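Asker: In order, the protein sequences belong to chains A and B. Every letter in the first sequence is one number past the one before it in this note's numbering, and letter 252, counting from 1, is 260. Every letter in the second sequence is one number past the one before it in this note's numbering, and letter 341, counting from 1, is 668.
Quick caveat, the hints were computed from the structure, so don't treat them as lab data. Please read these numbers as outputs of a predicted model, since none were measured by experiment. Please note that the accuracy of each hint is not assured.
[Claimed, not checked] No farther apart than 20 Å at their CA atoms in a straight line, the calculated lysine to any residue pairs in the SDA-like style are these:
#: 1; chain 1: B; residue 1: Lys-618; chain 2: B; residue 2: Glu-862
#: 2; chain 1: B; residue 1: Lys-835; chain 2: A; residue 2: Gly-184
#: 3; chain 1: A; residue 1: Lys-94; chain 2: B; residue 2: Ile-477
#: 4; chain 1: B; residue 1: Lys-868; chain 2: A; residue 2: Tyr-312
#: 5; chain 1: B; residue 1: Lys-835; chain 2: A; residue 2: Ile-115
#: 6; chain 1: B; residue 1: Lys-480; chain 2: A; residue 2: Gly-184
#: 7; chain 1: A; residue 1: Lys-94; chain 2: B; residue 2: Asp-808
#: 8; chain 1: B; residue 1: Lys-665; chain 2: A; residue 2: Tyr-312
#: 9; chain 1: B; residue 1: Lys-658; chain 2: A; residue 2: Tyr-312
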Amino acid sequence: MEKLVKAANGLIAKIKLWFYNLRVKIYQKRPKSQKKSKGSINGRGAKFFYAAILFFPLLQFLIFYIFVNINSILLSFQQFDMVSGKFTFLGADNFKAFLNDLVNDPIIIKATFNSLTLYLVGLLIGLPLNIIFSYFLYKKIPLHGFYRIILFLPQIISSMVISLMFKFFVERGLPGILNIFNITNANNLITRADTAFKTIIFYTVWSSFGTQIIIFSSAMSRVPQTLIEAGKIDGLTAFKEFWHITLPLIFPTITTFLVVGVAGLFTSQAGLYDFFGSQAPYHTYTYGYFLFVKVIGDANVVNYPYASAAGIIFTMIAAPLTLIAKFLLEKFGPTVEY
Amino acid sequence: MILKKIFALVTFLLIGLSSIAGCTLTQRGDVYDPSKTQLIVGNYFGGFGEEWLLQAKALYESRNPDIEVIIRSDKGDYEENTLITSMPTNEEDIYFLSSLSYHIFQSQGYLADITDVVTKKVTDTTISQEQKEISILDKMDEQIRDYYKINNKYYGIPFTKSIFAPVYDVDLFEEKLLYFKDGANGSLITSLSDKKTNGLDGVYGTYDDGLPTTYIEFKRLMNVMVQKGITPFAFSGMNQYYRMRLLASFWADYEGKDNFNLNNTFAGEYLFEGDSAPTQINVSNAYLLQKQEGKRYALQFGRDLINSSWYTTNSFDTSQSHIEAQQELLKSRLGGFKPVAMIAEGAWWENEAKTFMQDMAIELNNQKWNYGIRRFAVMPIPKADNGKSNSRKTYMLNGGKSLVCISQNSDQKELAKDFLEFTTSYEMLDVFTRYTGAIRPYQYEISSETEQNITYFTKNSWQIMKDENVDLVYLDMDWNDVKRNNNTYFGTGWLWNSKVTPQGGGNKVVVAEPLLAFKDNSSLTADMYFNGMLEYHKDWKF
Numbered sequence: 009m010e011k012l013v014k015a016a017n018g019l020i021a022k023i024k025l026w027f028y029n030l031r032v033k034i035y036q037k038r039p040k041s042q043k044k045s046k047g048s049i050n051g052r053g054a055k056f057f058y059a060a061i062l063f064f065p066l067l068q069f070l071i072f073y074i075f076v077n078i079n080s081i082l083l084s085f086q087q088f089d090m091v092s093g094k095f096t097f098l099g100a101d102n103f104k105a106f107l108n109d110l111v112n113d114p115i116i117i118k119a120t121f122n123s124l125t126l127y128l129v130g131l132l133i134g135l136p137l138n139i140i141f142s143y144f145l146y147k148k149i150p151l152h153g154f155y156r157i158i159l160f161l162p163q164i165i166s167s168m169v170i171s172l173m174f175k176f177f178v179e180r181g182l183p184g185i186l187n188i189f190n191i192t193n194a195n196n197l198i199t200r201a202d203t204a205f206k207t208i209i210f211y212t213v214w215s216s217f218g219t220q221i222i223i224f225s226s227a228m229s230r231v232p233q234t235l236i237e238a239g240k241i242d243g244l245t246a247f248k249e250f251w252h253i254t255l256p257l258i259f260p261t262i263t264t265f266l267v268v269g270v271a272g273l274f275t276s277q278a279g280l281y282d283f284f285g286s287q288a289p290y291h292t293y294t295y296g297y298f299l300f301v302k303v304i305g306d307a308n309v310v311n312y313p314y315a316s317a318a319g320i321i322f323t324m325i326a327a328p329l330t331l332i333a334k335f336l337l338e339k340f341g342p343t344v345e346y
Numbered sequence: 328m329i330l331k332k333i334f335a336l337v338t339f340l341l342i343g344l345s346s347i348a349g350c351t352l353t354q355r356g357d358v359y360d361p362s363k364t365q366l367i368v369g370n371y372f373g374g375f376g377e378e379w380l381l382q383a384k385a386l387y388e389s390r391n392p393d394i395e396v397i398i399r400s401d402k403g404d405y406e407e408n409t410l411i412t413s414m415p416t417n418e419e420d421i422y423f424l425s426s427l428s429y430h431i432f433q434s435q436g437y438l439a440d441i442t443d444v445v446t447k448k449v450t451d452t453t454i455s456q457e458q459k460e461i462s463i464l465d466k467m468d469e470q471i472r473d474y475y476k477i478n479n480k481y482y483g484i485p486f487t488k489s490i491f492a493p494v495y496d497v498d499l500f501e502e503k504l505l506y507f508k509d510g511a512n513g514s515l516i517t518s519l520s521d522k523k524t525n526g527l528d529g530v531y532g533t534y535d536d537g538l539p540t541t542y543i544e545f546k547r548l549m550n551v552m553v554q555k556g557i558t559p560f561a562f563s564g565m566n567q568y569y570r571m572r573l574l575a576s577f578w579a580d581y582e583g584k585d586n587f588n589l590n591n592t593f594a595g596e597y598l599f600e601g602d603s604a605p606t607q608i609n610v611s612n613a614y615l616l617q618k619q620e621g622k623r624y625a626l627q628f629g630r631d632l633i634n635s636s637w638y639t640t641n642s643f644d645t646s647q648s649h650i651e652a653q654q655e656l657l658k659s660r661l662g663g664f665k666p667v668a669m670i671a672e673g674a675w676w677e678n679e680a681k682t683f684m685q686d687m688a689i690e691l692n693n694q695k696w697n698y699g700i701r702r703f704a705v706m707p708i709p710k711a712d713n714g715k716s717n718s719r720k721t722y723m724l725n726g727g728k729s730l731v732c733i734s735q736n737s738d739q740k741e742l743a744k745d746f747l748e749f750t751t752s753y754e755m756l757d758v759f760t761r762y763t764g765a766i767r768p769y770q771y772e773i774s775s776e777t778e779q780n781i782t783y784f785t786k787n788s789w790q791i792m793k794d795e796n797v798d799l800v801y802l803d804m805d806w807n808d809v810k811r812n813n814n815t816y817f818g819t820g821w822l823w824n825s826k827v828t829p830q831g832g833g834n835k836v837v838v839a840e841p842l843l844a845f846k847d848n849s850s851l852t853a854d855m856y857f858n859g860m861l862e863y864h865k866d867w868k869f
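For reference, chain A alone in the conformation it holds in the complex (with noise of 0.2 Å):
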């Protein structure tokens, strides 16, 4: 055995000596010019790699983000004319009927409403939820690894398959469940008037837990150990260690979400395409999904110059709030660094 070995060993070392003289032999038949020193990140083989790979993403970048939204832009001022089949110049008639929509037509109106309740709900309810479960992760509890998982499952598996779970738990399995402890008013929660919009706010925060979860785990994971472990020898206890440590030096992630959670307000969905498709109730409409079937519905080509126009106008509602929060975050929150 020792034998086979020593054997085996021996034609590794070999081969890799062949590998090594082929690499040595090419390298000397190269001309002088192209023989430059190892590791050089300036060289012209870097360049090339670097532009290589930064090529096609810049493009798509450049097609799908600046041209696409140079083009809403323009598209915002015109209308469609179904007898030439083009788009023609119509000034800012689409800004003004949208203007007027968002204060007289009544299902913009209860978008209004249902955005803002998903945001604050999102906000006061999901965010704080999200934090003191990373937290009690981060701790690890026991079974932390089962709940990691739980929660970021909603992350891994399609949407549609999620809703579609959802959806048959709480139309066929819930009302069963609750009728065994006589709550006989739990049937179609998802399409009745009182419950529909709440059902599908708990469907929105529980699903939006896994990628929370992870950002604020990882987050918390980079607080010093030794400002904890000091802590405790001051007898620190676990919500003092929460509040006066782990929060403060997670704010600036807190921020981010914070501030990205403002322009989720006027295109969040809320899920309501995975549950009704095109046909969602008017009273559970958000300013995401009246925006998205005005597109998406027959041959909506006719809807796309309001569309645009209406996508500007929560543009410059969005991102002066988006600054002014990133601000007074930046400002009046905890400075930390470590």
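Given chain A's structure and the hints, the job is docking chain B onto it.
Answerer: Same frame as chain A, now just chain B:
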């Protein structure tokens, strides 16, 4: 360094290839015979399936050995919101589509001009072996010919038409004796040998014998069903489409063909309830059509349906698809289930449920559950008790936006036109009905072979469509530019959007679906909903 360059090149190629992986410029994996000319057919794989098209392919190829017909059947790929971007670059030469905004696609230049093949008279042999010089246009149902004409040209032809109405289980009706007895003052039969009433057509021995003729009779039948432990309706909660169209079928029958069609054309006159003279309807005042009494009648039916719970508990679950609603009906007669009498469906439903019925027959080891053995039929819409329903029977049709068209992008246009002409021949129209159980919107006969092979339901639909005392009217046809330019507003919003006060009071809210609104608010009456529809549309901008 060489290795770095090779690595860079490979990475570059991988990224590049991954970027173009989504493009459909290359073949989609279809196996071609390079010695033949290919014709690629895009088929919306919905309720009508593809079997009829495979038959068409086999026949066409046998007569044209140098042609290979490739059938691509899919749902998502051939929906309108996919085709609006994909059609210009798709490989398909000809499409058979369930729904397409014909005028929008034509204005975009996506559809080839097929005027020549549509108007050309060719020799065609009818099923009864009569030779005719006839064009596709001549065969087309007269009421829709002008719809497909744009500036005296044709860019598409209709694909299908289908009655949309309540469909009842004939076997259940016979088992539970759910027919009205003749001369019994509204009582039901007590045995199958009892003579049934003569139905809406007033003739004994026809398909509507024993079925309710008035709304009072209809309500009585529903209540008798409930007493006998039968649930009248199963709906799809996932898709409001079916419930909304059920109500629209009541509206259509009340109004009759001409009055109902005003909702498509916005041109004509209508005598509103309480007026002494008819109002001229045009684009500027078409919102007044929300006051059609047929709508009130339909809403009253909806209110009664909810009040009396004439529906299964799953009917409003968003998790219940239209397929599951069909299955709920189909298996309801098995032990352990509460029988369901009816669903609201179109002609395609039986073909859609075919596999389920076949599986039932196998699993239960009894052919009586099989497709083609089980019997279903269209429930005639009862006339309103106020005596003001149109005297003729009117059935609402689906399929007004169905389309057969040739892609402007096709490089086999002449071949596609030939195939289009072939699929609209008398022979192939018969084959279509034989394999789908549905009917195309052309004038044709069915062969004895087809008659033997089609189901009871298809025969019933055929009888209705050929009945001279029946009018057929399309829902959702965009006959004018206002409707075409505003297809969101005039989609389902035109049917039933209303402003109503929610349960518990407060500001009025907009609702789109009457049955859901009635379910949410027990104090919402049909009249309130009806009045709210005019209120919703009063800011008419056209």
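Asker: Each hint should be assessed against the structure and marked as holding or not.
Answerer: To see whether the hints hold, each was checked on the structure:
no., hint, verdict
1, B:Lys-618 <-> B:Glu-862, "holds, 10 Å"
2, B:Lys-835 <-> A:Gly-184, "violated, 34 Å"
3, A:Lys-94 <-> B:Ile-477, "holds, 17 Å"
4, B:Lys-868 <-> A:Tyr-312, "holds, 19 Å"
5, B:Lys-835 <-> A:Ile-115, "holds, 11 Å"
6, B:Lys-480 <-> A:Gly-184, "violated, 60 Å"
7, A:Lys-94 <-> B:Asp-808, "holds, 15 Å"
8, B:Lys-665 <-> A:Tyr-312, "violated, 48 Å"
9, B:Lys-658 <-> A:Tyr-312, "violated, 45 Å"
The structure does not agree with the numbered hints 2, 6, 8 and 9 stated previously, though it agrees with the rest.
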